[in-house]
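Peer 1: Produce the entire structure from the sequences given, and follow the hints as far as they go.
So the protein lines, in turn, are chains A and B. If you use the numbering used here, the first sequence closes out at 224, no skipped numbers anywhere. If you use the numbering used here, the second sequence closes out at 485, no skipped numbers anywhere.
Source of the hints: derived by calculation from the structure; they are not laboratory data. As the structure is a computational prediction, the values presented were derived from the model and not from experiment. Glycine included, each C-beta is placed from N, C-alpha and C at the ideal position. Some hints could be false.
[To be verified] Using 25 Å as the maximum straight-line C-alpha spacing, the simulated DMTMM-like pairs for lysine to aspartate or glutamate come out as follows:
hint : chain 1 : residue 1 : chain 2 : residue 2
1    : B       : Lys319    : A       : Asp137
2    : B       : Lys370    : A       : Asp137
3    : B       : Lys351    : A       : Glu122
4    : A       : Lys118    : B       : Glu403
5    : B       : Lys442    : B       : Asp252
6    : A       : Lys118    : B       : Asp285
7    : A       : Lys118    : B       : Glu282
8    : B       : Lys237    : B       : Glu303
9    : B       : Lys397    : A       : Glu122
10   : B       : Lys319    : A       : Glu122
11   : A       : Lys118    : B       : Glu283
12   : A       : Lys160    : A       : Glu62
13   : A       : Lys118    : B       : Asp409
[Said to hold, decoys possible] Output of the computed footprint for chain A on chain B, the stretches with three or more beta carbons under 8 Å from beta carbons of chain A:
hint : region
14   : 276-285
15   : 340-349
What follows is each chain in one-letter form.
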Amino acid sequence: MMLEWDWNYTWEILPILGEASLVTIKATLLGFLLAAALGLVFALLRMSRVRYVRWIATAVIEFIRSTPLLIQIFFLYYVMPEFGLSLDAMTAGVIALGVHYACYCSEVYRAGLDNVPKGQWEAAIALNLSPFVTLRDIIIPQAIPPVVPALANYLVALFKETPLLSAIAVLELMQTAKILASESFQYTEPITLVGLYFLFFSLISAALSRQLEAWLSRRHGGTR
Amino acid sequence: MKPSNSPMLRFEKVSKRYGSLTVLDSLDFEVARNEKVAIIGPSGSGKTTLLRMLMTLEEIDDGVIYVEGEPLTHMSQGERLVRANRQHVSRVRAKIGMVFQHFNLFPHMSAVQNCIEAPVTVLGLSKDEAYARAADLLQMVGLGDKLDHYPSQLSGGQKQRVAIARALAMRPKIMLFDEVTSALDPELVGEVLKVIRQLGEDHDLTMLMVTHEMGFAKEFADRVCFFDAGKMVEQGTPQQIFGDPQHERSKQFLSAVLETR
Chain A
1 MMLEWDWNYT WEILPILGEA SLVTIKATLL GFLLAAALGL VFALLRMSRV
51 RYVRWIATAV IEFIRSTPLL IQIFFLYYVM PEFGLSLDAM TAGVIALGVH
101 YACYCSEVYR AGLDNVPKGQ WEAAIALNLS PFVTLRDIII PQAIPPVVPA
151 LANYLVALFK ETPLLSAIAV LELMQTAKIL ASESFQYTEP ITLVGLYFLF
201 FSLISAALSR QLEAWLSRRH GGTR
Chain B
225 MKPSNSPMLR FEKVSKRYGS LTVLDSLDFE VARNEKVAII GPSGSGKTTL
275 LRMLMTLEEI DDGVIYVEGE PLTHMSQGER LVRANRQHVS RVRAKIGMVF
325 QHFNLFPHMS AVQNCIEAPV TVLGLSKDEA YARAADLLQM VGLGDKLDHY
375 PSQLSGGQKQ RVAIARALAM RPKIMLFDEV TSALDPELVG EVLKVIRQLG
425 EDHDLTMLMV THEMGFAKEF ADRVCFFDAG KMVEQGTPQQ IFGDPQHERS
475 KQFLSAVLET R
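Peer 2: What follows is the structure, given as structure tokens:
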């Protein structure tokens with residue numbers, strides 16, 4: 001049997017998918033914002049001088065990284081209401097994505113923080129800077145630029161995982177394509193278009209991330 | 225307490241160990257107000273450790289360091305000395321500034337920003353006040369035209385002069401110099417030593433320097449201390465130490481060092 005591509009149907013569903021892609025982008029950006037911020041907090045907690053804080057942070061990160069994202073999404077959306085926490089699908093999805101990726105981002109931040117030379121901490125002590133100011137003004141500004149490309153990779157990875165949100169009926173691209181397909185019984189066009197959409201944006205992001213990396217290494221290639 | 229009656233610095237039976245290795249062995253040591261002390265000795269003799277303990281970069285295993293009569297990392301609780309809290313350490317440490325062998329400038333900040341950061345965030349100076357102070361100091365170390373240069377745009381000698389200005393911006397009473405010319409190309413050593421010499425002449429500063437520049441130590445220091453294997457083996461005026469060292473180890477060291485010149 002020949003594969004048939006229905007152009008009329010394609011043009012008909014394109015605007016609907018276009019609208020759904022905005023939901024995908026929104027989930028990606030909000031999820032990543034949470035991941036980037038919480039990831040830094042996790043990384044700093046893992047550097048804490050208090051042993052128990054380090055242990056707890058490490059345990060939580062290991063736990064989240066070692067369980068599937070899909071289960072975490074289900075858990076937040078379907079199980080948390082049993083504990084009195086009801087979230088709408090989008091919020092639950094964004095939190096699940098953000099927390100899950102925060103664990104990966106924390107590893108990236110940790111590498112960045114470890115790479116700041118010891119002499120920078122020592123200079124901060126010699127100048128009597130408080131630990132907070134040392135982190136805010138000296139360590140974090142040096143730790144982050146080198147790891148931006150690695151963070152950007154996780155942004156793309158998170159973006160590609162947003163179809164998982166279709167499992168809790170967030171009306172993002174995949175869920176919309178599934179609904180369209182189940183109405184028309186034409187699966188080829190909507191699913192292919194969704195695939196192409198992700199391919200297109202992933203390639204663009206990869207190119208942008210390479211540019212960013214080159215720019216950062218030009219800017220921060222200096223010596224101390 | 226009258227700080228002016230006590231020595232600027234006093235080490236009382238201070239020891240530092242790394243595992244089974246003793247890097248400083250029950251050191252007793254005093255430095256007077258405005259005294260310039262050069263510390264020399266072979267590597268591993270404990271001389272850098274001494275500065276790093278003063279800057280609270282290394283913990284003290286035994287003994288007490290007093291700064292103007294006040295314990296640095298201890299505080300009295302009744303009759304006893306206990307480990308000091310962060311506020312206490314921070315208050316006493318504020319009297320001390322340090323310049324490092326490898327500069328340790330903040331690479332993401334310009335020369336003037338390097339000198340402003342601590343005065344603004346620690347001393348609470350306004351940005352304008354701190355800027356004026358930083359510009360004056362950079363002018364003094366001969367970098368008045370390089371305020372907005374980043375460390376990567378400066379030579380080693382210039383970086384080290386920024387580092388000196390940065391430490392001075394906190395108005396310390398004691399300045400520690402840890403082999404500050406060792407990482408420099410030979411032709412850049414002079415400009416840094418000139419700044420240090422000028423500091424000693426123009427300012428009321430107690431200065432401790434660990435150095436391999438014997439010529440500079442001889443001419444600049446009021447007192448030279450020779451360290452070996454975690455102990456102060458010999459101390460005296462530069463004339464005594466360089467002209468007529470008494471101890472076998474100092475004789476060996478000095479003849480080996482001066483021969484290569």
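Peer 1: The structure should be examined with respect to each hint, and the outcome stated for every one.
Peer 2: Taking the hints in turn, this is what the structure says about them:
For the suggested pair B/Lys319 and A/Asp137, the alpha carbons sit about 22 Å apart, so the restraint of at most 25 Å is met. Note on B/Lys370 and A/Asp137: the hinted pairing holds, with a Cα-Cα distance of about 22 Å set against a maximum of 25 Å. At roughly 24 Å between alpha-carbon atoms, B/Lys351 and A/Glu122 fall within 25 Å of each other, so this suggested pair holds. For the proposed pair A/Lys118 and B/Glu403, the alpha carbon gap of about 17 Å is at most 25 Å, so the pair holds.
At roughly 23 Å between alpha-carbon atoms, B/Lys442 and B/Asp252 fall within 25 Å of each other, so this suggested pair holds. Proposed proximity of A/Lys118 and B/Asp285 is supported: the alpha carbons are some 21 Å apart, at most 25 Å. The suggested pairing of A/Lys118 with B/Glu282 holds, with an alpha-carbon distance near 13 Å, which does not exceed 25 Å. Our distance criterion of 25 Å between C-alpha atoms is met by B/Lys237 and B/Glu303, whose separation comes to about 19 Å.
About 19 Å separates the Cα atoms of B/Lys397 and A/Glu122, which keeps this hinted pair within 25 Å; it holds. For the given pair, B/Lys319 sits about 16 Å from A/Glu122 by alpha-carbon distance, which is consistent with the 25 Å threshold. With a CA separation close to 16 Å, the supplied pair A/Lys118 and B/Glu283 stays within the 25 Å bound. Note on A/Lys160 and A/Glu62: the hinted pairing holds, with a Cα-Cα distance of about 22 Å set against a maximum of 25 Å.
This hinted pair checks out: A/Lys118 and B/Asp409 have alpha carbons roughly 23 Å apart, not beyond 25 Å. Counting residues of the region 276-285 of chain B whose beta-carbon sits less than 8 Å from any beta-carbon of chain A gives 3, enough to reach three: the coverage restraint holds. Closer than 8 Å: that is the beta-carbon criterion, and the region 340-349 of chain B has 4 residues meeting it against chain A, so the requirement of 3 holds.
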